[in-house]
Structures are given as C-alpha cells and as structure tokens.
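K.L.:
Chain Y is already provided as a structure; the job is to place chain Z with the ligands on it using the hints.
Here is how the chains run, residue by residue.
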Amino acid sequence: MYSIAVQDLHKTYNGSLEPTLKGLSFAFPTGKIVGLLGPNGAGKTTTISILCGLVKAGKGSVQVLGIPQEANYRERIKRALGVVPQQIALFPQLTAFENLEYFGNLYGFKGPALKTQILALLEQFGLEKAAHKETGKFSGGMKRRTNIIAAILHRPRLLILDEPTAGVDVQSRSMILQFLRDYNRSEGVSILYTSHLLEEAQHLCEDVVIMDDGRQVVQGNPAALINALPACRNLEDVFLHFTGSKLRD
Amino acid sequence: MLRLFATIRKEYRLLFRDKMGLGLLFLMPVVLITVMALIQDTPFKDYQELKFDILTVDNDHGRLGRYIREGLDHSGQFRIVDSLQGQPVTQEQAKALVNRGDYKISIIIPQGATGAIVSNANKITNDLSRRMGLPFMAPVRLRNDSLNVVIYFDPAAKKAFKSAIHQALDNFLTQVETDLLIERIQQQLKRKGAAQQDSLDIQLKAIGLQEQSTVPGGGVDVISNSVQHNVPAWSIFAMFFIVIPIAGNMIREREDGSLLRMKLIPGSYLAILAGKMFFFVCICVVQFYLMMLVGIYLLPLLALPKLEMGHQYLPTLIIAACIGLAATAYGILIGTLFKTPNQALNFGAISIVILSAIGGIWIPLEVMPAHMQQIGRLSPLSWGLDAINNIYLRNGGMGQVWKQIGLLLGFAGTLLAIAGAVEKRRMN
Ligand SMILES: Nc1ncnc2c1ncn2[C@@H]1O[C@H](COP(=O)(O)OP(=O)(O)OP(=O)(O)O)[C@@H](O)[C@H]1O
Ligand SMILES: [Mg+2]
Numbered sequence: 001m002y003s004i005a006v007q008d009l010h011k012t013y014n015g016s017l018e019p020t021l022k023g024l025s026f027a028f029p030t031g032k033i034v035g036l037l038g039p040n041g042a043g044k045t046t047t048i049s050i051l052c053g054l055v056k057a058g059k060g061s062v063q064v065l066g067i068p069q070e071a072n073y074r075e076r077i078k079r080a081l082g083v084v085p086q087q088i089a090l091f092p093q094l095t096a097f098e099n100l101e102y103f104g105n106l107y108g109f110k111g112p113a114l115k116t117q118i119l120a121l122l123e124q125f126g127l128e129k130a131a132h133k134e135t136g137k138f139s140g141g142m143k144r145r146t147n148i149i150a151a152i153l154h155r156p157r158l159l160i161l162d163e164p165t166a167g168v169d170v171q172s173r174s175m176i177l178q179f180l181r182d183y184n185r186s187e188g189v190s191i192l193y194t195s196h197l198l199e200e201a202q203h204l205c206e207d208v209v210i211m212d213d214g215r216q217v218v219q220g221n222p223a224a225l226i227n228a229l230p231a232c233r234n235l236e237d238v239f240l241h242f243t244g245s246k247l248r249d
Numbered sequence: 001m002l003r004l005f006a007t008i009r010k011e012y013r014l015l016f017r018d019k020m021g022l023g024l025l026f027l028m029p030v031v032l033i034t035v036m037a038l039i040q041d042t043p044f045k046d047y048q049e050l051k052f053d054i055l056t057v058d059n060d061h062g063r064l065g066r067y068i069r070e071g072l073d074h075s076g077q078f079r080i081v082d083s084l085q086g087q088p089v090t091q092e093q094a095k096a097l098v099n100r101g102d103y104k105i106s107i108i109i110p111q112g113a114t115g116a117i118v119s120n121a122n123k124i125t126n127d128l129s130r131r132m133g134l135p136f137m138a139p140v141r142l143r144n145d146s147l148n149v150v151i152y153f154d155p156a157a158k159k160a161f162k163s164a165i166h167q168a169l170d171n172f173l174t175q176v177e178t179d180l181l182i183e184r185i186q187q188q189l190k191r192k193g194a195a196q197q198d199s200l201d202i203q204l205k206a207i208g209l210q211e212q213s214t215v216p217g218g219g220v221d222v223i224s225n226s227v228q229h230n231v232p233a234w235s236i237f238a239m240f241f242i243v244i245p246i247a248g249n250m251i252r253e254r255e256d257g258s259l260l261r262m263k264l265i266p267g268s269y270l271a272i273l274a275g276k277m278f279f280f281v282c283i284c285v286v287q288f289y290l291m292m293l294v295g296i297y298l299l300p301l302l303a304l305p306k307l308e309m310g311h312q313y314l315p316t317l318i319i320a321a322c323i324g325l326a327a328t329a330y331g332i333l334i335g336t337l338f339k340t341p342n343q344a345l346n347f348g349a350i351s352i353v354i355l356s357a358i359g360g361i362w363i364p365l366e367v368m369p370a371h372m373q374q375i376g377r378l379s380p381l382s383w384g385l386d387a388i389n390n391i392y393l394r395n396g397g398m399g400q401v402w403k404q405i406g407l408l409l410g411f412a413g414t415l416l417a418i419a420g421a422v423e424k425r426r427m428n
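Keeping their order, the protein sequence lines are chains Y and Z. Going by full-length UniProt numbering, 238 is the number at position 238 of the first sequence; the sequence numbering is gapless. Going by full-length UniProt numbering, 242 is the number at position 242 of the second sequence; the sequence numbering is gapless.
Incorrect hints may appear among the rest.
As the list claims (entries may be wrong) - Here are the simulated SDA-like pairs of lysine to any residue, each with C-alpha atoms no more than 20 angstroms apart in a straight line:
hint, chain 1, residue 1, chain 2, residue 2
1, Z, 339, Z, 267
2, Z, 162, Z, 97
3, Y, 22, Z, 427
4, Y, 115, Z, 321
5, Z, 51, Z, 97
6, Y, 56, Z, 260
7, Z, 263, Y, 246
8, Z, 403, Z, 374
9, Y, 246, Y, 215
10, Z, 51, Z, 190
11, Y, 56, Z, 19
12, Z, 424, Y, 46
13, Z, 19, Y, 94
14, Z, 424, Y, 58
15, Z, 424, Y, 71
16, Z, 424, Y, 94
17, Y, 59, Z, 420
18, Y, 115, Z, 5
19, Z, 424, Y, 54
20, Z, 263, Y, 155
21, Y, 56, Z, 267
22, Y, 56, Z, 403
23, Y, 110, Z, 4
24, Z, 104, Z, 168
25, Y, 110, Z, 2
26, Y, 110, Z, 267
27, Z, 190, Z, 131
28, Z, 95, Z, 75
29, Y, 110, Z, 1
30, Z, 19, Y, 92
31, Y, 110, Z, 5
Claimed, not checked - If the Cβ cut is set under 10 angstroms, some of the chain Y residues that face chain Z in the computed set are:
hint, residue
32, 55
33, 77
34, 94
35, 108
36, 112
37, 113
38, 117
The set of hints was computed from the structure by calculation and includes no laboratory data. Quick reminder that beta carbons are idealized off the backbone N, C-alpha and C, glycines included.
Chain Z on its own, in the form it takes in the complex:
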C-alpha cells in the first residue's frame, strides 16, 4: 500500500510541477468539446429543424393548389415562394432556378387539376347514385387526360429528402381527393332527405398516430441532438489522449534511469504500475466531468442545447473510470512498445483518431455502412460511447452497461498483459 500511495504522490508531484502540461491536459479537452459541438451542430440537425423554400407555380388556382400550399405551410418545414420580385413564378423560371441550385424544390400544379379531381369524384358519385337508383347526375368531363403535379428537385438533392417530399405531396393529393369525394357523396345524400343531415358528418380520421417515449419510467425523454452526441463522444476521444502523457512518462522514466532504480528495489513493480494507473484514471475522470460541465453550462450559452446526463450517477462514474482505465492501459502499452516519445506521440495520436473514426465518435455508428459498423464495434471508444448513450439517452442503469464495462476492463487487462510480456522479454 505504501508503494501505491507513494507512487500516486510522486505522479502528482511530477504532473503539478509541469504547470503548462497540466493546464493543457484540462484546457485542450474543453476547447475541443466546444469547437466540435459548435461545428458538428449543423449536420446533426434533422430535416425537420431546417426550413426549405419551395418554389410553387399554381396554374390551377383551385382547391388543390390551396390545399398544397396550406399543407406545406402548416408542416412548418417549408416556406412557399410563389412570386419573385412581385411577379408570379412561371414553370420555365422555376425549372431554371432549381437546376441552378438556387432552390431545392419546385412544385408545378397544372391548370385544371382541381377540375379533374372534381370530375373524378362526380363520376364515382354518379356511379353510386345510379346503383342506388338516385336520379341526379353531376357533370363529368369526357376527356380524361391524366394530369400530373410536377416536381423539380435540385440535382444534388439526397434520395431520402426526395422521398420525404414525394410522400408529403402524395398525402395532400389523397386528402384533396377524399375530401372532394366525401363532399359529393354528402351533397347527393342531402338531396335525398334533409333530416339525416346531422348524421352525415363523416369522420375521416378514425385512427391517428401518436409517438411515445420508449425510455423506462418515461421521466426523461432526451432527444438525440448534436450536444447529446458530441459531448460524450468527444469527451471519450479527449480522455483517450491521456495515452500521450502516459507513454511520455513511461519512456522518460526508462530514459532518465528512474525506471532502472525502481526495478532495483525489491517488491512488485505491479504496485508501482497500479499507483501510476490510478493517478491517470483519476485525471481522466476529472477530465470527463469537466467536459460534462461544459456541455451543461457553457454550450447553452453558445445557443446549443443543454447536455442531459440522465439520472444514473454511479454507473456514469464507473463508466468514466473504465474508459479512463482502458485509455491508461493503452498508454502503458504504447510507452512500453516504443523507444522514443516521438514514436509514441505519432502512433498514439493517429491510432486514437482511427479508433475514434471507426468507433462512431465523428459520426454515429448507426449511419455507417453495415460492415463498417461491425469493425467499429471493435473500437473501445465505441464501447464507452454505447455505455454513455445507454445511460444518458435510454436512462439505463448498471444492467444496460455491464457488457461495455466488461469489454473495457478486458481490453485494459489484455493490453497490460501484453505490456508485461514485452517488458519481460527485454530482460533477455
């Protein structure tokens, strides 16, 4: 125990003597988190959060045009633009503007569209009336050209975006068609007997859609936003950078001979290593909470959402410590394998960037191709992020994170064993 505590005190002295290094150890992650949360905010916004201008050419001037405009307007995602510099937009203009990329979408409602829908509804109603033996016949167009609402997309538009718009417009069309049809049927029935009027309110929406939270208890319902992803993800990334000071510390001890002195003293080197690791894990945990504070207090000042940490405080601490332990063990292995601080710095920094990129730190694993996801699941950074997401977003407890804890501990144990074997070989 004395060896352990003496080593912790020694590491503390070494680190706190290097004021500059100490400052950077805590300042850099804060800067990283802030910058990353700011620049990674935009790509994270859903289409729902963005507003698009829709260039609308209404040649119909009827009910369909009105429905489409009202519907698009109502959804909140779109702004209808139907005139430019006081002049109504023409189809040719719209096509050119979308092609140039000035607008993402344009909708052309053809002349006579509403008429065609009315005519179709009349035809169905006439058909029904005839079968029911009713006399009245509504006017029906003879020519039945199929009319199309034309959509122009910016050539650079994404497939998902296109299909979302298609779906929305399809909905409006169906709605207008059913509305008109029901209206005609009502008119026809009214003609038969006014007494039945009150029972004729046909309710279209028999079944609605309702989104509910899957979070147990339902208390917190955190929406996955940029801050919820970026703060934990980049915190883990920053914590892993502890490998650089650790590897530097190990290599320096080997070079300045102090490692030799420690080996000349009887007793297990494991206790010394444990003290060193404990100290650096504590540093990692302090870094972690510092970055959480940035997410909670600093980022909202920069017009970003506030970080929600869930209600599982002990599992969060344990996860932070396990991530710190995995990072520390990785640093010890790098410090053992490489001979110079430069080698360790290069390998350490680049390998962490790679592990973080495949591990879903830069962009969430879910949006990567399936085979990349499988590789990404091997990254210790992804285990840490999974565990934190389970706590922050899914309100999980120990039950939802023990697997990741096991993986992180196993990773740390394996790397230490490799470092031990390498060090042992050096004796020959």
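Same shape as in the complex, but just chain Y:
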C-alpha cells in the first residue's frame, strides 16, 4: 500500500497568474522515510498543504494511506496524519505544557493519561525542564521540538514534516533526526519530510523526490541516484544536476 500517492496534481492560487503545481506525480510505500526536495518556491509546502487538506487542489488526485475519498475523508486523513508545519504553530503566550494540553484536548484526549503522555514526550525531547515556560521565550531549537511533539500527540500513521531542522543548532538537529529514525523504526510510521539540507536528507531518507517548478524531476534512493550519475559525488550534486544552478527568485 502507498502511504502517499499523488497523480498529476495541479494548483493555481487564487489571484495568482502562474500555477504553483504543474502536474506533480509521486508515490511511495508505507513505512519509509521519504525526502521531498526542491529549490525555494518549487511547491513543497503547497503539496503538503494539499495533502493535509488545508488547501484545495485544482486538478489531479491525492491518496493518503489508502483512505477512500468519501464524505468525511478529510477528517479521517487529519486523524491519521501528523503534520509539522514549516512555521512554528504554537501559542507563544502559553507554556509548552499548556500548548500540548490544549491540542491534546482538541484531539479528544484528556485527564491524567494525556498529562502523562505530554510529560513523557517533553522528556524524550529534552524539554522536561522547560515544560512550564512560555514557548514564546523558547530558543529556536526548543520551539521546533515542541512543534514536533504537537504533531505526534495522537500517534499518527504518517508524519509529514516541513523543514523541521531549519534554523536549529547541531545538537537539536541530531536529536530530531535520531527521533525520526527511531520513530519510523519502532512505530512503523511513514515519514515525508522536506529540507534544504541535502546532506541530512541523504543520510536520513530511503527515498527522495526532487521537484522543481511544480513538477517532479526525479525520484529514487539517494545512493542509487548518486551511483547512476558518474559526475555526482553526493545528493547535492544530483540535486544541482536536475534543477540547475539558476537562482529562483
């Protein structure tokens, strides 16, 4: 079964002349860690927004975890999906615990079970001491880690992360990457993740999808892609090979 299957996806934002997605297609099976890579403005965040139902697609089809497109499929997708947005999505005036408690309540969890779970996750992410500090006063790394916890409170089957390691220090980053590997291995959760750090993606992902200008340009195992192109020593070379070195803005 595919965890995500996108077929000929098109999207033009309201009031925008240029389409953002121009027939994007990719698919990958469950249980994998997959990187969605591409230059700025390639359409990675747009694709993720469509996957999690925040934005309506124009043309094309989207399949998530084989959930049929019935009446309440959007709600079912939301339940099965954990999303870590590119943006920090927390109330800065609330403490980490209060944030997570509120989001847990919105998922329908409550009481001592929720409290225990939140405290355990905070500890796992090295935030137990900061549990009762306002997240607005957190460092970038602490915010990113709390942002991830908020996405896994409900034990999703598929985790989508939009640049989870942007702007964090080496320690926080290696903690986050280690967590993703463990989470994928121990819980069997599929992971789709975007990043501009290609070395990181090369080591973490079993599969990468490189997209540019709203289309997929190549998909495959990082090592296999590097091997297939004699001139390329690493994933960054492969990326540049397919997307060119022209500036995107």
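P.N.:
Just chain Z with the ligands now, kept in the frame of chain Y:
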C-alpha cells in the same frame, strides 16, 4: 464539548497572562463611563433644570408688572433682575445688555399697561351693564393705543427657548386680563345686591392639568436624565470595543501559526470558535455589569443622578449577552478580513465610533433629523440601547425586547456567515 471547554480555558489563560491588557479591558470602560456621564450631564439638563436671569424693566408699576414678576418668580425657572448696582434698569440698558449676551432675555412692561387693561375690562363691563339695564358706568379711556410688553432675546437664543418664554408671558397677560375682568363684573354685580355675595366666587380653574406616568404598574417612574442615557449608551459603546482584542487575537493566531495547528486537528472549527465567542461574550457581560455598578454607586458620589436598572433582571442579562455576541461576531469578522492588527485596530475603532454616533450613543436618536434617525436604526448599537431603554425607562420585559434580541442575533449570525465564507475562500 471538550473542544469548547478547552478553548474557553485557553482563552482565559491567554487573557489572564496579559495582566496589563486585562486591567485595561475593565478599567478603560469605567473611566469612559465616568468621564462621559460627567461631561455629557450639562447639555442633557432641561430648561427646567436651568435658571435664567430675566432683566425686567417695569415702567408700569401696576398690577401687570407685579403679576409678571410673581409669575416668573413662582415658576422657579427665572430670577428677576430689575436693578443693577442699586439703580433700576432702563430700557436702553436692558437692550444693550441682552444684545451683548450678558442676559438671555429682557422684558419691558410699558407705562400705563395696567391702566389699559383696567380700561378694557371697564369697557366690557359697561357694555354688559348697559345691556342688562344697569346704570353704573366705569371710567374708560378714550384713546385706545395698543400697548405692548416688549421682549428682547439674546440673538443666539434658540427657537424653542423663545417660544417657551412667549407662551409663559402670554399666559400671564391673559391671567391679568381675566382677573381684572372678573373683578369688575363682581363689583358691578355687588352693587346690585349684597345678598348674592357668597355665590360670586367665580372659580376660574374648572379644569386642571395633571401629568401621569405611562410606565406599566407605575411603580418605577424614572425620569430620563443624563445618567439614564449615558451609562447604558456608553456601556454598549465600550462593549463593542471588544472587537479590538478579538480581532487582535484572531490575527495573532493566524500569524503565529496556532490557527494552522488548530486546522490540522480533526473536528469542527466551529466548536473552537464557539468557545472563543462564549469567553468574550462573558467578558462583555462582566464589563456591562461593572459599568452599571459605576452608574449606581460611583456616579452619585460625583453629584450625578443614580442609575435605575428597572426590575427585569433576566431580560437585562439576555440583552447584555446579545450585545456582547453582536460585538464578538463583529470582532471575528474584522479579525478574518484584515491581515494586520493595525488595519483591524483602525477599521474597528473608527467603525464603532461611526456606528455609535449614528446609533444614538452620543446624542439620543430622537433629537436627530428624521432621515438620520432612519439610518441610525440600522446600527446594532441603537438596537442594544433601545432594548435597554425599554427595560430601564419603560419597565418592559421580554415582550418589549424580543425584537432587538432578534436583530442582534441576526446581525451576529450574518457576520459569522460572512467570516466563514471569507475563510473558506482562503483555502483556494
Ligand atoms: N497562499 C498563497 N497565495 C499565492 N501564492 C502562493 C501562496 N502560497 C505559496 N504561493 C506561491 O507558490 C509558490 C510555491 O510556494 P511553496 O511555499 O509551496 O514553495 P516551497 O517549495 O515550499 O518553497 P520554500 O522552500 O521556500 O519553502 C511560490 O511561488 C509562492 O509564492
Ligand atoms: Mg515551504
């Protein structure tokens, strides 16, 4: 239900963490009410409550002069000034002083005015006597120049004020004329036979005027004074300012990404919105009662009348909640439409000032021109004020306020629907 309660608790935490914002939310309306009640007190006073100095020049020194002075004095509205620095006022002096605006009115009673009235009464009596075959003839002046009591008004005096004075003086003139006439007739009849004397008490006032309260039950009879208008009116105004924190709250949630997180969680956003609205409506209701307490306990300490809230406690609470709901919905719409807190603040604040000005908050709708009244009736603030007036002044119950409740609820529903449609469009 869990979503609703969790959201109420979250909003509570957010607000109570911002101690300064919280304090202002309740302190500013109290200051507003107090200041507005104080400065808006004077223009609200009726002419009855104000005393005017009337410069009186009495060249007659007769009964008319005395009647006019006594009558004006008795009404309690006027103070007679007939001498300046120990000297009697002259007509020229009076004219100049009124023209300068030092005095609002001056009355000049001409020489021989009483004589002219007496002569006129004598003439009527003589006429009657002759027809009845009675011999006596009272003296009548031959020349019949028409004499006038002259009034000078301050050029800035209002029309209503002028006509009120005209009417009062006209009354005094008529009274003196009838008094003298009856007196003459009595004298003439007395001459005919003393035995009939006891039946000659002619009672002039056969019918009197009496003002009665229209308030059902008649128990409370609140006079519309400055406090009765200003406290409810400015309370509604202050309650509507809840749109600023609400719009700010919505825009911040969109900017800091927490709205995104809420949308990523399955379940209806309506429950979250309902929790948010419930919380802010409660804040509005607390604000409302806080301001009523100011009207009842603080304003009397500042020499203002005490606020009377009527006896309909449940309808009052419902009205307060409906006003809060309309204001909250307006805040949600503004928070949805505008992208930055600055835009929302500008639009929100100015639009509320406009809606309040046309809605009869600053000055009552009744004193506005007819076409402005029609526009004013479209303002949700005027619906709220109408409903509260119906309870406070007319002692009405649910029966007298259901229409306004319906309008406020309809307003809230419409704005929320628009906000929902706008938010939905954003998905594209
Ligand atoms: N809400 C929106 N309305 C209009 N245009 C948008 C909107 N969101 C994104 N775009 C445009 O769509 C294009 C793709 O944006 P998107 O955020 O999906 O790219 P991305 O691959 O995630 O880029 P980055 O690496 O910078 O995060 C950009 O040109 C952007 O300007
Ligand atoms: Mg992006």
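K.L.:
Does each hint hold? Answer for all of them.
P.N.:
We went through each hint and held it up to the structure:
1. 339/Z to 267/Z: 25 angstroms, violated
2. 162/Z to 97/Z: Satisfied, since the Cα-Cα distance of roughly 17 angstroms is no more than 20 angstroms.
3. 22/Y to 427/Z: 18 angstroms, holds
4. 115/Y to 321/Z: 35 angstroms, violated
5. 51/Z to 97/Z: Holds, at about 18 angstroms.
6. 56/Y to 260/Z: OK: residue 56/Y and residue 260/Z at ~15 angstroms, within 20 angstroms.
7. 263/Z to 246/Y: Violated, at roughly 36 angstroms.
8. 403/Z to 374/Z: 17 angstroms, holds
9. 246/Y to 215/Y: With Cα atoms ~17 angstroms apart, residue 246/Y and residue 215/Y stay inside 20 angstroms; holds.
10. 51/Z to 190/Z: 43 angstroms, violated
11. 56/Y to 19/Z: 40 angstroms, violated
12. 424/Z to 46/Y: OK: residue 424/Z and residue 46/Y at ~17 angstroms, within 20 angstroms.
13. 19/Z to 94/Y: Since the Cα atoms of residue 19/Z and residue 94/Y sit roughly 14 angstroms apart, the hinted pair holds (cutoff 20 angstroms).
14. 424/Z to 58/Y: Within the cut-off at roughly 15 angstroms; holds.
15. 424/Z to 71/Y: 18 angstroms, holds
16. 424/Z to 94/Y: 28 angstroms, violated
17. 59/Y to 420/Z: 25 angstroms, violated
18. 115/Y to 5/Z: At roughly 17 angstroms apart (the allowed maximum being 20 angstroms), residue 5/Z and residue 115/Y satisfy the hint.
19. 424/Z to 54/Y: Answer holds: residue 424/Z to residue 54/Y is near 10 angstroms, not above 20 angstroms.
20. 263/Z to 155/Y: Holds, at about 17 angstroms.
21. 56/Y to 267/Z: 18 angstroms, holds
22. 56/Y to 403/Z: The given pair, whose Cα atoms are some 41 angstroms apart, is violated under the 20 angstroms limit.
23. 110/Y to 4/Z: Holds, because 13 angstroms separates the two Cα atoms, which is no more than 20 angstroms.
24. 104/Z to 168/Z: Within the cut-off at roughly 15 angstroms; holds.
25. 110/Y to 2/Z: 8 angstroms, holds
26. 110/Y to 267/Z: 16 angstroms, holds
27. 190/Z to 131/Z: The hint holds at about 17 angstroms.
28. 95/Z to 75/Z: 24 angstroms, violated
29. 110/Y to 1/Z: 12 angstroms, holds
30. 19/Z to 92/Y: 16 angstroms, holds
31. 110/Y to 5/Z: 11 angstroms, holds
32. 55: 6 angstroms, holds
33. 77: 8 angstroms, holds
34. 94: 6 angstroms, holds
35. 108: 6 angstroms, holds
36. 112: Result: violated, 15 angstroms to nearest chain Z Cβ.
37. 113: With a minimum Cβ separation of about 13 angstroms from chain Z (threshold 10 angstroms), the hint on residue 113/Y is violated.
38. 117: Status violated, d = 16 angstroms.
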